[in-house]
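**Student:** Chain by chain, the residues run as shown.
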Amino acid sequence: MTPKSNQIPLADLTTGEEGSILFFTGGRSVTTRLASLGFTPGARVDMTQNYGRGPLIVTVRGTQVALGRGEAARIFVERSAG
Amino acid sequence: MSDCHETSASTRVIVREKMPLIALAGQPNVGKSTLFNLLTGLNQHVGNWPGKTVERREGSFIFDDRSYGLVDLPGTYSLTANSPEEVIAREFILRERPDVVVAVVNAANLERSLYLVAELVALPTPIIVALNMMDVAAQEGMRIEPEVLEAALGVPVVPMTATRTAGTRELLRLLRETLDGHRLTNPRQPEIRADHRAALDEITRCIIGHVPEPYPAEWIALKLLEGDAEITRTIQNALPPEKWEAVYAVLRQHDDALLAVASGRYEWIGRMVRAAVVQPRMGQITWTKQLDRWAAHPFWGMAILAGILGLVFWLTFTIGSPVQGWLDTQVVGGLSNLAGQMLANAPFWLKGLIVDGVLGGAGAVITFLPIMVIFFAAFGVLEDTGYMARAAYVMDNLMHLMGLHGKSFLPLFLGFGCNVPAVMGTRVVDSKPARLLTILIAPLVPCTARMAVVAFLAPAFFGPKALLVSWTLVLFSIIILVLSGSLLNQVIFKGQRSAFIMEMPLYHLPNTRTIGLLVWQRSLSFVKKAGTNILAMAVVIWALSVLPNGDFGTSYLIQFGKWVAPVGRWMGLDWRLTVALITSFPAKENSIATLGVIFGSSRTAGLAQTLTSTYSTASALSFLVATMFFIPCMATVAVIRQETNSWGWTLLNIGLFLVISIVAASGVYHLALAVGL
Chain R
1 MTPKSNQIPL ADLTTGEEGS ILFFTGGRSV TTRLASLGFT PGARVDMTQN YGRGPLIVTV
61 RGTQVALGRG EAARIFVERS AG
Chain G
1 MSDCHETSAS TRVIVREKMP LIALAGQPNV GKSTLFNLLT GLNQHVGNWP GKTVERREGS
61 FIFDDRSYGL VDLPGTYSLT ANSPEEVIAR EFILRERPDV VVAVVNAANL ERSLYLVAEL
121 VALPTPIIVA LNMMDVAAQE GMRIEPEVLE AALGVPVVPM TATRTAGTRE LLRLLRETLD
181 GHRLTNPRQP EIRADHRAAL DEITRCIIGH VPEPYPAEWI ALKLLEGDAE ITRTIQNALP
241 PEKWEAVYAV LRQHDDALLA VASGRYEWIG RMVRAAVVQP RMGQITWTKQ LDRWAAHPFW
301 GMAILAGILG LVFWLTFTIG SPVQGWLDTQ VVGGLSNLAG QMLANAPFWL KGLIVDGVLG
361 GAGAVITFLP IMVIFFAAFG VLEDTGYMAR AAYVMDNLMH LMGLHGKSFL PLFLGFGCNV
421 PAVMGTRVVD SKPARLLTIL IAPLVPCTAR MAVVAFLAPA FFGPKALLVS WTLVLFSIII
481 LVLSGSLLNQ VIFKGQRSAF IMEMPLYHLP NTRTIGLLVW QRSLSFVKKA GTNILAMAVV
541 IWALSVLPNG DFGTSYLIQF GKWVAPVGRW MGLDWRLTVA LITSFPAKEN SIATLGVIFG
601 SSRTAGLAQT LTSTYSTASA LSFLVATMFF IPCMATVAVI RQETNSWGWT LLNIGLFLVI
661 SIVAASGVYH LALAVGL
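Residue numbers (this note's numbering), protein chains in the order written: chain R, 1 to 82; chain G, 1 to 677.
Be careful, since some hints might not be right.
Said to hold, decoys possible - Label pairs and their calculated CB-CB ranges: (1) R:F23 / G:R164: 42 to 52 Å; (2) R:A73 / G:P322: 45 to 55 Å; (3) G:K52 / R:G27: 19 to 29 Å; (4) G:R143 / R:G42: 37 to 47 Å; (5) R:F23 / G:Q236: 25 to 35 Å; (6) G:Q290 / R:A73: 27 to 37 Å; (7) R:G70 / G:R205: 57 to 67 Å; (8) G:V482 / R:F23: 50 to 60 Å; (9) R:G70 / G:G154: 51 to 61 Å; (10) R:A73 / G:A466: 43 to 53 Å; (11) G:Q609 / R:G70: 32 to 42 Å.
As the list claims (entries may be wrong) - Some chain G residues well away from chain R (every beta-carbon gap over 10 Å; in silico): (12) L42; (13) F63; (14) L258; (15) A296; (16) V331; (17) G463; (18) S523; (19) L547; (20) W575.
The set of hints was computed from the structure by calculation and includes no laboratory data.
Using N, Cα and C, we set each Cβ at its ideal position, and we do this for glycine too.
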């Protein structure tokens, strides 16, 4: 799948923004680990902390999860309005 | 021989009949260890899962005059083979067939922590859900109805707060009822998303009749769809080729099925949560988020981490060092004197063996305990409060320089106390290459034993500048660590990097019982593992230092030192310093004792002056640098062998440190000469 304009990498959400997960690119093992932590298509994610570089923290299904920037670039989300 | 086997097999059956086996399963950060400690107390035993470097904790407890065996399964988010932990957990349930699995879930985070339950209900073992951390849920303004959850799940549910020992009696009663067959469980199964239902049925049809024991066919089909590498391999070997072709064709068509399976489980969870949670979490900003604004901030987070590390070192040196000194002079010294008097008429070798060999070795272990205990306790508190995840998070950027990520920082930090727990602590690193790299560089972290050598020599040679020299040496070690880390990552691991995915648990107050047991177990395992090794080596080194003539001056050790002295000269070390360096292998602080013996002053008081008048500042500096980077101590080498399970990696490690110490010390020596020291 090639990303469309409303499909952005999770890493592009700024602190406080929300989105819903669309799809993953990249390896199966990372996707499995992400899925078991609650990252599945349709799940809502809140960007809890994103300073533009380094790792970031997102809240998914009530859990805060730290992700490396590389991992967050492989999760595509649709930014929620507002 | 066969008799033996039969006896042991039948005893095993009897034990099983007498004592029901219960397994504790749960995700990380749900309070599973707290519950385990609560149930077993000190009746627990820590070992390793066979062939794995994953901690296996088991124990027993008595309830209403009946004994129960309890196994703490590794904390895992799922049962798909992402790591050894997941494989261990599911293989244990499927092969060892525990009588009941207690699934611990976090009431304050049902949605996430029920995921493992969604996997457990597919296995053929009765389960009980321990709805733990009810207090945290209440603090967050949530209201949960356990009876409704029980009805929705179709398995017994017990609300509890393990940190306050609330709900354990109910759990135990429920366990007994389940074991006695008074409670029948009939779990509701999650369903796969509709678009993949047909694929699942098709695969199940193909594999039925070919699935090896003890796996249930439907479960295998699900794991195949999830792309579980291990199950895929097993089934590929078990199926006739044409059947496997058919299965493989379905799998290829549905390569996104793993998300369909996971989504199916979350839909199932969603139904449970909607039914049981009458009042969801309020949208308030929790104090975890408040604290994280500082603790996880790129700048302030580092500052806080530096402050905490500083505090731990301060505690170690203000409490640990005096106790260590007291143990050394009073207890070990006293025992040595006593033994010396008692053995005054014994042959010299017996006296030497006991006083210098055995007591010397045991002394090294005992005097290390205070520092280890402080470190383990500090680490336990940081772990238990949830702060450790923040430390890993803020260090992630820096660790990237070495191709590692934040999780590797934690074991490296432990290394400041002692490299032994550091190497063992690399178990938190989830990818194998990253873990091996962390093990390789962990001994570059200056441990307290090396700092003790520095603390003894630096004031003698550098006077008021001793503190500056010590800190420079630490800084130098860290620079070398980062450099070797990035170099090794490029050369051996070709720059590959593992994914950084880590839960940030909510902060909570530390539980003294959990930390107490942790300190107790880790200290015990240090004494056992390091203790026996150090003791054995101390005896060997003592023997080398008196054989063949019963005189140190002509001993094998001295001969060896003189033989390798040319290498020492590159570093500006004479044979005495070289021998001292070599004897730092059994325990780092030995080098001072060796110098004491060589210079003939048994008590170290006069030694400092003797050394200052014998050696140039450049040689002293070089000796300190060589000490910092010399081959890791024996105990560390032993755990490196144990944790890597490979002599190749262990020898590589020894070689690496030998090269680093010789190169660094020679460099520093010649630099010091050049600037006229």
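**Student:** All hints are to be evaluated individually against the structure, with a verdict given for each.
**Tutor:** Hint-by-hint comparison with the structure:
1. The hint said 42 to 52 Å for the Cβ distance between F23 (chain R) and R164 (chain G), and at roughly 43 Å that hint holds.
2. The hinted range of 45 to 55 Å is satisfied by A73 (chain R) and P322 (chain G), whose Cβ atoms lie roughly 51 Å apart.
3. Separated by about 23 Å at the C-beta atoms, K52 (chain G) and G27 (chain R) satisfy the suggested range of 19 to 29 Å.
4. In this structure, R143 (chain G) and G42 (chain R) break the distance hint of 37 to 47 Å, their C-beta atoms being roughly 26 Å apart.
5. Take F23 (chain R) and Q236 (chain G): their Cβ atoms lie about 28 Å apart, and the range 25 to 35 Å holds.
6. Taking the beta carbon of each, Q290 (chain G) and A73 (chain R) are about 28 Å apart, inside 27 to 37 Å as hinted.
7. Taking 57 to 67 Å as the suggested C-beta distance range, the pair G70 (chain R) and R205 (chain G) does not conform, at roughly 40 Å.
8. Roughly 37 Å separates the CB atoms of V482 (chain G) and F23 (chain R), a value that falls outside the hinted 50 to 60 Å.
9. A hinted range of 51 to 61 Å for the beta carbons of G70 (chain R) and G154 (chain G) is inconsistent with their spacing of about 41 Å.
10. Between A73 (chain R) and A466 (chain G) the C-beta distance comes to about 48 Å, which sits within the given range of 43 to 53 Å.
11. Between Q609 (chain G) and G70 (chain R) the beta carbons are some 57 Å apart, a value that contradicts the proposed interval 32 to 42 Å.
12. Against the 10 Å criterion, L42 (chain G) stays outside the reach of chain R, whose nearest CB is about 33 Å from its own CB.
13. Distance check for F63 (chain G) against chain R: the nearest CB is about 33 Å away, which clears 10 Å, and the non-interface claim stands.
14. Interface exclusion of L258 (chain G) from chain R breaks down, the closest Cβ pair being 6 Å apart, not more than 10 Å.
15. Its closest Cβ contact with chain R, about 6 Å, brings A296 (chain G) to no more than 10 Å, contrary to its assignment away from the interface.
16. In this structure V331 (chain G) is separated from chain R by more than 10 Å, as the shortest Cβ-Cβ distance comes to about 45 Å.
17. Even its closest Cβ contact with chain R, about 42 Å, leaves G463 (chain G) beyond 10 Å, as expected for a residue assigned away from the interface.
18. At roughly 31 Å from the closest C-beta of chain R, the C-beta of S523 (chain G) stays outside 10 Å, upholding its exclusion from the interface.
19. Look at L547 (chain G): its CB is around 55 Å from the nearest CB on chain R, clear of 10 Å, so calling it non-interface holds up.
20. For W575 (chain G), the requirement that its beta carbon stay farther than 10 Å from each beta carbon of chain R is met, with the minimum near 50 Å.
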